[in-house]
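For the protein sequence lines, the chains are C and F, in the order given. This note's numbering puts the first residue of the first sequence at 1, with every later residue one more than the last. This note's numbering puts the first residue of the second sequence at 1, with every later residue one more than the last.
Worth flagging that the hints you see were computed from the coordinates, not collected in a lab. All values reported here derive from a predicted model rather than from experimental measurement. The reader is advised that the hints may include incorrect statements.
[Stated by the list, open to error] Below, in silico cross-link-like pairs of lysine-lysine (BS3-like), each with a Cα-Cα straight-line distance of 27 Å or less: (1) C/Lys408 / F/Lys578; (2) F/Lys183 / C/Lys2; (3) F/Lys297 / C/Lys2; (4) C/Lys408 / F/Lys496; (5) C/Lys2 / F/Lys551; (6) C/Lys42 / F/Lys297; (7) C/Lys42 / C/Lys273; (8) F/Lys316 / C/Lys83; (9) F/Lys311 / C/Lys71; (10) C/Lys42 / F/Lys73; (11) F/Lys496 / C/Lys31.
[To be verified] Across the chosen pairs, the derived CB separations fall in these ranges: (12) F/Ser238 / C/Arg108: 53 to 59 Å; (13) C/Glu834 / F/Pro306: 57 to 63 Å; (14) C/Tyr131 / F/Glu481: 54 to 60 Å; (15) C/Gly124 / F/Ser113: 51 to 57 Å; (16) F/Asp545 / C/Asn133: 38 to 44 Å; (17) F/Ser38 / C/Leu181: 52 to 58 Å.
[Claimed, not checked] Just a few of them, taken from the derived set where beta-carbon distance is under 8 Å, the chain C residues facing chain F: (18) Ile88; (19) Leu91; (20) Leu125.
Cβ atoms here follow ideal geometry from the backbone N, Cα and C, with glycine treated the same way.
Residues per chain are reported as follows:
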Amino acid sequence: MKTITLTINGEHVSCTEGSSLLEAAQGHGIKIPTLCHHHSLKPVGACRMCLVEDEKTGRIIASCVTPAAQKMSVLTESPRVLKHRRNIVRLMMAEHPESCIICSKGNRCSLRQYAAELGIGETGLYPIPNYRNIEQANPFIQRDLTKCILCGKCIRADHELVVTGAIDYNMRGFDSRPSTLFDRPLEKSTCTFCGTCLSICPTGALSPVSIFVGTPEKEKLSFCGFCGVGCRLSLGISDNQVVEVNPAHIKKSVNDAALCVRGHFGHDFLNVKQRMTKPMIKKDGSLSSVSWAEAIELVADRLTQIKDKHGPDSIAFLGSSKCANEENYLFQKLARIGFKTNNIDNGGYISGRLMLDLIDTRTDPGRRFNFFAGTLSGLEMAEVIFIAGADPSHSIPVAGYYLKRSVKNGTPVIVADPRKTEMAGLASVWLRLKPGSDLELINALSALIYRKNVYADSFIKRFTRGFEKYSESLSSYDLDRAARITGISIQEMERAADLLVGKKIAFMVGDGIIKNRYGMETGEAFLNLALMTGSIGYGGAGFHFPAKENNQVGAWDMGTVPDKLPGRQPLNDSLSRTSWEKLWGGEIPHEVGLDLCGMIEAAEQAKLKALYIMGENPLRSLPDRQRVLNALEKIDFIVVQDILNNETSKLADAVLPGAAFCEKKGTFTNMEGRLRSVSAVVEPPGDAKSDFEIIGLVAEKCGHTSLKCSVESIREELSKRIPMYEKGRSNFHPVWIKEAIDSDPAEEDDRERLISFSQVVTADEEEADKEYLFTAIIGSKRCHLGSGTRTGYSPRIKAFNFSDAIEISEQDSKDFGISDGNKVRLVSRNGAIEREVCVKKNIGRGMVFVPAAFNGNDAGLLIRLTKLFDSTSEGWNCCPVKLEKI
Amino acid sequence: MNTTRTQLLLCGGTGCHSTGAIAFKESLALELKKNNLSEEIRIIETGCNGFCAVGPVMLVQPEGIFYQELKPKDAPELVEEHFLKGRPVNRLFYTEPASKETIPDMNSIPFFSHQQFWVMRNKGLIDPEVIDEYIARDGYFGVAKALQEMTPEQIVEEIKISGLRGRGGAGFPTGIKWEFAQKSPGDIKYVLCNADEGDPGAFMDRSILEADPHAVLEGMIIAAKAINSHQGYIYCRSEYPLAVKRLEIAIRQAGEYGLLGKNILDTGFDFEIDIYEGAGAFVCGEETALMRSIEGKRGMPRPRPPFPAHKGLWEKPTILNNVETLANISQIILNGGKWYSSIGTETSKGTKVFALSGDVNNIGLVEVPMGTSLRTIIYDIGGGIPNKKKFKAVQLGGPSGGCVPEECLDTLVDYEAIAKVGAIMGSGGAIVMDENTCMVDMARFFMDFVQDESCGKCTPCREGTRRLLQILEKICDGKGEPSDINVLEELSPVIKSSALCGLGQTGPNPVLSTLRYFKDEYIAHIYEKKCPAKRCVSLLKFEVDPDLCKKCGLCFKACPTEAIAWKKKTVAVIDKDKCVKCLTCYAKCKFDAIM
């Protein structure tokens, strides 16, 4: 790119062509005040604070919207510039209400700062009040538009970053203000309460509703503790409590200026009274507080006793997709070395680790390829996006913004979903398939693309094997049958195939596939489609799996799984095993251990005698609560190490209070594979300790003193032994397949390393259920994460009272005489729940949508607990139900 | 065989429509029918004739006799006397106000004789709804020449030679604008016509569209050829229904004649024109806001660069020209750029159309060669100031412009010369003000308009124009303070140089130009609490001056609140408790006896 050289305040500076004067100045540490400019928003030149003087022409120009030109010469602080700036601030202040003293923006208000810098104490003008009512009916955002200076940042953030379109300018001139459609309250608009607008607002016009008043004592950077997007946060801290959360506004971070409702407002769960603050042990049937020493002693003694009495495999360890890498690593080490068992898993089992594992294993035959699409920003470069069984606008909202921005930029998007999700509404093609029929849809699309004779021939030849056999089955594939099973006409599938042909695809594959009864087969089908179209390793192409938990990927990478060692190294690979054994100084058992579902089954059979749970709430998050409860009750000794009192902790024999993400040191790996490091910005409440420390204490007491170590020493171990977590890399960038091949000459190509196509597997054609006429689809809403343990405790999320109503189509509501607000009982073969009904246009006949995570996640009652990715699985995301009016 | 012996060119512009042309037309048609003259004598409804002040007007051809202020009851007499007996009706002729002489021949009327009709060459002569009439006047010959004989470069060159500058107000050279767009890479380009005329007192574009819509279409087609565009839009304000209707008819007819659409005149060139009706925001006349509006977004200006010639409508290279600019194009192509540049001044060529209004006898549309003096326009064409009042100033360029006082009346019509005296050429609005106009009040009026039309995007315009208005209102209200003038003088240039678009950048002009020429009036308002022109109600005493009062009682009869006591041969007295300051008495008093 060309370099421009110019003079600012007599100083020679250079910048790249296309930079604005403001950027050129900022790049050289020259400060120019601005109220409407934000690095992630398109410049609009509205506030006119950033005026500079062009020395040659004498013109006053807005530096944010003027491109820097060769040999230009500008002054940023000339008397004329200052005169203009002063008058502009004067004009703004004269319209501004005199309420600075009670404004919670306080000294953080940019207008106030500039007024102070420019010495505008009194404006010398008559005030022209522009009073508006203060709006604070919702528990998230308070709007006091009297203080609005029309910088338009909130509107642009809404349009350009989160692409919601809830607000726009209303009226004009002096009366213009950001407004919802028809100026209705926010809660009656399409606003999702992501709060992006209020964090970007330079004045007190938009502010968070909070019990905290004023300016926090300090602000510290951190990462969001909720979903796997892992947004960068700026935490406002006062009195050792997180009192305010804002996006960190860091360029090129995953979220930059955006957040979602959970991240922005849901973190108030950190300060609730339900936080665990003291170790407890069960005495006479009820939990009572004890000292750490007593609790640790009990845990160590009981675990050792059980191991000695019933053997190592009578104990299981459930790690956490919410805890840090170092903690998970230490936890699995405790299981494998301390207790000689591979009975270790983490909550990622529920939210997709099996799919990650499937794709990784199949594409990674000995070489550390990263099959995944990498950064979410790649979505904005994608040629075409295929979203299947995912509702990212709710499950991982900030990633959803990337998708919406892609749509806005004209990227074609195909959505396969039974429901008209937000993305389906924006998609070029929405494939409204029957719930659970994704396998046949993907097979059919592959067959159509194959028959069009446009597939990535050279890619297939170079990187894959088994295409011939696979293509044979595609050529004989029965499209009519697929149309019957999926409910999508061949013409409609053709439309989608036409969009995919000749392009590299970015896939977003969600719960609808991961928890599908044919989860594994559908995963293989997706992989076939990706291989055939060469959608691997190119910018923007590949797989994205919405990670519901902040460290879902990390927990898997750390080996907190029954069949893999750290670094995703197979347990049954003796070479890797020996190398870890050498490092750890102990033998690792050979047999694959129990996964989460296996633990429940083993408990039912009374084979599992002890369970150590760190940061998971299986009683709430697993389907079929009664069965899980019965199973857990059969376990002799349960340890729950967590941050909140929850359903599972009530069953525990020992409760160890841990620390939340912002109360401890550690690293997390987000869904893109970015490694992020957090440190304690507040102390854990009460006597709570970091999970790392607790594991160390337990291990030490059990006699494994080597496990009582520092976070740094574990990091050292990790970075040395896991190539992906190599030392010195603060961000780990996935290695693309392209780079790997290019650096690896073709003659060295080893047939073993080729990725093989799998055979076409077809789903069974099923008859309609005559008794259970509806299909219930269980899915998430953006207010809650996962099963809602943490978000369910958030006072503000509770206060908003998000609707948990079962969504039903207009047609069905007429046919069954059910209308909005009626209460129904939803009965499956496994269980029943009662909820209100809400009639929706975005759902088809014969389907009901059941929001998960509400009411203790009772939606899980409908589902039978079966092993995911198993031939016996019935799937966890949908099931046949009937509706009974009550 | 057409047996028509006489054509009655009745003005069908919006002005004459509103003074009763339609009713007159109906009764005239009825009268002609009664006398079996419908075949011989045809009524043709033309576009705006220009002499709106005396409407409805009608030109009788071939004699060239001009009738004015026609009423339905005049129809029988006209038919009986003129069309049957051949005796033109004297009392309906134009009367020269000074000499009281009647002038039957249109071209001898001073209002017309000082004008030069280039842009308006077809006004009042053709039926704008019949394309054949336009073609008969060499219409679309320019398109034929441009499409068949000229390369895009030659077209641009010819326009550059002509020296034509944008008639929308800013005066940017049209040929250069086209050249930028021509050289701008891209397959999709747009030609836009700005017909969002919004200045108070301006109606040039409306009249051109109503009188000669094809001339504008022709200009657009030639422009399209010059930059290789295949789609044009006319952004016309929806307050101009007649213009829109005539444009729709013209576009349809041009399409039927193969002059729009695919393969125009078999040259392989395609071009379509659609009309986009604006929703009434003044700021949408600003080019970037206009484009946002066509895109279906809120009409808000955006900063330039990028200029529309590079990134305009839907981010594609675009040219936007004003109605009057486009109406010049075909004549330039037909007669050559040299011909066009033969009249005018050094930097301003051709003619300029003005909408003359306010306190002037001959309100109407006038087209004069560049270089004509303002005095000629106001006195020779406009017929001077009515009611023997004194001229005070003429406001040029609407709310973005400025006022030109008596001492500068010899300024010539020329972009630079007008700018020098503190006004702008603007789109052509010329509002004449007599001695009874309060210049502070006038500035307040325009500032009220500007702040109301501000889109609200940038601070200087949104807050600044509102602030200027507040101060002006205060002054007019008698609450002005000495510091107010300082604030006006400090803020106005700041707003001008820091606002985002042309609206804000010119918004304070009326304040600045009145301060420049009429500061004494501001001072009188502020220091003496007096409005010299007696327009600011708050500063009027509402007392009767016994020396001036002629005891006629007109004020007493007119007062709606019975606040005036009067008896024959006594001076009237106003009861201030009852007076509501409605100014009725003030307007009725012929002797300026009310203070």
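Hint-by-hint comparison with the structure:
no. : hint                            : result
1   : C/Lys408 / F/Lys578             : violated, 64 Å
2   : F/Lys183 / C/Lys2               : holds, 22 Å
3   : F/Lys297 / C/Lys2               : violated, 34 Å
4   : C/Lys408 / F/Lys496             : violated, 36 Å
5   : C/Lys2 / F/Lys551               : violated, 84 Å
6   : C/Lys42 / F/Lys297              : holds, 16 Å
7   : C/Lys42 / C/Lys273              : violated, 43 Å
8   : F/Lys316 / C/Lys83              : violated, 38 Å
9   : F/Lys311 / C/Lys71              : holds, 24 Å
10  : C/Lys42 / F/Lys73               : violated, 64 Å
11  : F/Lys496 / C/Lys31              : holds, 25 Å
12  : F/Ser238 / C/Arg108: 53 to 59 Å : violated, 46 Å
13  : C/Glu834 / F/Pro306: 57 to 63 Å : holds, 59 Å
14  : C/Tyr131 / F/Glu481: 54 to 60 Å : violated, 25 Å
15  : C/Gly124 / F/Ser113: 51 to 57 Å : holds, 56 Å
16  : F/Asp545 / C/Asn133: 38 to 44 Å : violated, 51 Å
17  : F/Ser38 / C/Leu181: 52 to 58 Å  : holds, 57 Å
18  : Ile88                           : holds, 5 Å
19  : Leu91                           : holds, 4 Å
20  : Leu125                          : holds, 7 Å
Violated hints for the displayed structure, listed by number in ascending order: 1, 3, 4, 5, 7, 8, 10, 12, 14 and 16.
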